[in-house]
Amino acid sequence: MIDILVSGLLLSGTYALVAMGLNLQYGVARIMNLANGEVLVLGALASFWLYSTAQVSPLLTAILVIPVSFIGNWLIYRFLLTPLVRRSKSKGALEVDSILATFGMSFIIIGVMVSIEGGFFAYKYLSIPISIIGSTTSLSRLVAFLVAAAIGLALYLWLNHSRTGVAVRAVSVSTEASGLVGINVPRISALAFALGGAITVVGGALISTFITLDASIGVVFTLKALIIVIMGGVGDIRGAIVAAVILGLVETAVATLIDPGLTLAAAYFIFVLILLFRPQGLFGKAPA
Amino acid sequence: MLRRSVLGLAAALAVAATSAFAEGTIKVGAIAPKTGPLAGGAVVTQWPNVRLWVEQVNARGGLNVGGEMMTIELIEYDDKTNPGEHIKLAQRLAEQDKVDFVVAPYGTGFNIATAPIYGRYGYPMIAVSAITDKADELTERYDNLFFTLGTTTAFVDGVKEILVEQREAGAIGNKIAMVNVADAFGIELADLAREIFTAEGFELVYDKSYPLGTPDLSPIMKGAKASGAKAFVAWSYPPDSFGLAEQAIIEDLDVNLYYSAVATSFPAFKGAYGNKINNVLGAGGTNVDDPKIAEYRKAHKDITGDTADYWASANTYASLQILEQAIVGAATLDRNVVTQYIKDNSFDTVMGTLSFENQVSHTYWSVGQWQDGVFRGVKGSNVDGAVPVRTKAGWSE
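Residue numbers (this note's numbering), protein chains in the order written: chain A, -3 to 284; chain B, 14 to 410.
Hints in this document: simulated from the structure, not taken from any laboratory. Treat the hints loosely; a few may be bogus.
If the Cβ cut is set under 7 Å, some of the chain A residues that face chain B in the computed set are [what the hints assert, rightly or not]:
(1) D(-1)
(2) A173
(3) S174
(4) S212
(5) V215
(6) T252
(7) P256
Counterexamples of contact, computed for chain B against chain A with all Cβ distances above 10 Å [claimed, not checked]:
(8) Q69
(9) K111
(10) T121
(11) S231
(12) I233
(13) K235
(14) G256
(15) E370
Heads up, the beta-carbon is just placed ideally off N, CA and C, and yes, glycines get one too.
Let the hints inform the model, and build the full structure from the sequences given.
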C-alpha cells in the first residue's frame, strides 16, 4: 500500500512535469502544441549530451536550459505562431492551425535530434536506491518529484499573487476582455508560451535521468500531457497537478494490484469518464 | 517539410549520380527506420553496418562483376518505422531509383510485410533482424526471402537450457519470475516460454505483461521481487530493457539469473549501468575472441565511430558479405541468378561459413552474457566459442 502511494506520487511528479508546460501553452496562448513531447525530449538530449561529453550534472543542465528554451520558445511564438494567431478568426480556427503547424514543427525537431543522436540517450544519474517510509525508490525520481512540486507551487503563487500572473489568468479566460482592460495580450501569450516551453524542457532534462529516451519518443509524452491537460481543465495549473496525481496513483495501483498490462487501459478509462461527466475538466469552467 | 526537401535533394543527387556514373556502379537501396519506435535499434544494428560495408567495398575498388570493377552507390531512405511508408519507398527504389539490390528491412514485421513487394521485383532479401517460427512457411511462399538470425523457439530454448543447467547446479530453484512487453514480439515469446518452461517443470510465480513505453516499471520489479523467484526473465524491447535493469538495481532484485531480451547486447546498456550489469543475460551474443569478429569490430569502431553491438551487428554485416560474394560469384547483376547463387553456395563471412537450407541459415547466437565488460555468447547454433554461464550475484559495481 505504501509502495503504491510512494511510487504513484513520484510518477505523478513526472506527469506533472510533462503536462504543466502544455497547460500554459494551450490554456493561455491557445496553442495546442503537438511538439510538446519533442521539446521535452530536446531537454533530455541536452542532459544526455552534456553529461556524456562533459560530465555536466543533469541538474545543472536543467537550470542551463531554462533561458535557452525560454528564448527559443519565445522566438517560435513570435515568428512562427503569431501570424497564425493574427489571421485566425476564431479560437477553433487557431486550434486547427496551431495543431498543424506544431505537428510539422515536431518533425523538424525530431530530424535535428536524430542528426545529433539517433540512438538511445542511455545514461544514468542519481540512480541511487533510497527508502521513503519503507518503500524503495531512486533518488532521481525523488528529485524530479521535488522539482515538479516546486515548479507547480511557484506557478500557482505567481499566477495568483502577482500582477503579471493575474494578467496571464485573465488572458486564459478571455483574450477579448483582457485586451479591453488594457492587458497586452500578444505579449502575455508569448510569455506563457515561452514559460511553458521552458518548464517542458526542464522536465525532459530531469526525466531523462531515469527513463531511457530516444529522439522519436516525444509523441508518447505529448499524448500523456494532452490527457492530463484535458482531464485537469484547460488553463488551470491546479487541474494539471491534480490530474497528474490521479493518473500516477491509478496507474501504479492498477500495475501493482491488478496487472501492469492494464495501466494504459486504466488511464484512458478515467479519461473517458471525465470526458463523459465533466467535459470541461476537473477544474475547468463550463462554457457559458 | 524539411524531410521532403532533403529527400528531393537526395533524389536529385541520385539522378545526377546515375547520369555521371552509369557505367561501373552497383546501386544498392536501403530502407530502415531513422525515426519512429524502431529507430533506436536500427541506428545501432542496421545503419552503421550498411555504411561500413559500402565504404569498405568501395575502398577496395569495388566488386569484380565478371571482370569489371564496380563500386557501390548507396541510396538510403527512412521508413519512419511505418510499413506503409516502407512499401511506398520500396516501390520508389525499384521504379525510380532502379537499384540493383536492396538491404533487407529492419524488424520482423517489416521483413514479412515487404517480402511480396521486393519479391515482385526479384530482389533477394537476406533478412537479419527478423526472428520467427514461421520461417519455413514464409520461405516456401517467397522465393527471394532468406532468414539468418534464428527462430523464436531457438531463443526460448537457449534460455530454457540455461535455466535447466542453473537449476541442476542448485543456483535458482524451480521458480521463475517472467515479464513481457505487450506487443507482438513480447507476446509471442512469452506464450512460447510459458509452454516450454512449464514443460520442464518450472513454476512461473510471477507472469505479467506491460504496455510498450511504460514510464514506471517499479511496480513490476517490486512484484517480481516479492515473488521470491531466483530467476528473472524479461521478453523486453528497448527502452524497457534499460528501464527494467534500472529498477532491478534500485530494488536490488535478489536473483541468481537475470535475462532481458533485445538491447541488452547494446554497448549503451553497459554505458548506462557499468559493471552493475555484470553477468546479466540477454538475447544475442558474439565471440569477440574470434579473429574475424575482432577485426570486424575494430573496423566498425574505426569507420563508423561507434562500437558494434554484441549481437545482430555481425549478422547484418555477414548478410551484406553474402550479397557481395553472391554478386561476384554469379558474375552478374541479374537478380534471379544472384538469388539462385545464394541458395546454392556457402559464404565466408565474419560469422564463419554460412549457407542456406531452404533459405534459412542456422548459424547464430541466441543467448549472451555480460562478463567483465564484454557481452559473450553462451548459447547458439553452429557457432564456436560459447563460454560457460556465470551466476548473477548482486548489483554492485
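Could you check that no beta carbon of chain A comes within 10 Å of the beta carbon of B:G256?
violated (6 Å)
Go through the hint on A:S174 and say holds or violated, using the shortest Cβ distance to chain B against 7 Å.
Violated, because the Cβ-Cβ distance from A:S174 to chain B comes to roughly 34 Å (cut-off 7 Å).
Evaluation of the interface hint that places A:S212 against chain B, nearest CB under 7 Å
holds (5 Å)
Regarding the assertion that B:T121 does not contact chain A, is the least Cβ-Cβ distance greater than 10 Å?
holds (19 Å)
With a cut-off of 7 Å on the beta carbons, see whether A:V215 makes it to chain B.
violated (9 Å)
Beyond 10 Å from each Cβ of chain A, as asserted for B:I233
violated (5 Å)
Distal placement of B:Q69 relative to chain A, Cβ over 10 Å:
Non-interface label stands for B:Q69: nearest chain A Cβ at 21 Å, farther than 10 Å.
Hint validation: A:T252 versus chain B, beta carbon distance must be below 7 Å. Holds or violated?
With a minimum Cβ separation of about 4 Å from chain B (threshold 7 Å), the hint on A:T252 holds.
Should the label of B:S231 as a non-interface residue stand, given a Cβ cut-off of 10 Å to chain A?
violated (5 Å)
Status of B:E370, Cβ more than 10 Å from any chain A Cβ:
holds (34 Å)
Grab the minimum C-beta distance from A:A173 to chain B and call the hint holds if it beats 7 Å, violated otherwise.
With a closest approach of 37 Å, the A:A173 hint is violated.
Is the interface hint satisfied for A:P256? The criterion is a beta-carbon contact with chain B at less than 7 Å.
holds (4 Å)
Consistency with the previously given hints fails for numbers 2, 3, 5, 11, 12, 13, 14, ordered from lowest to highest.
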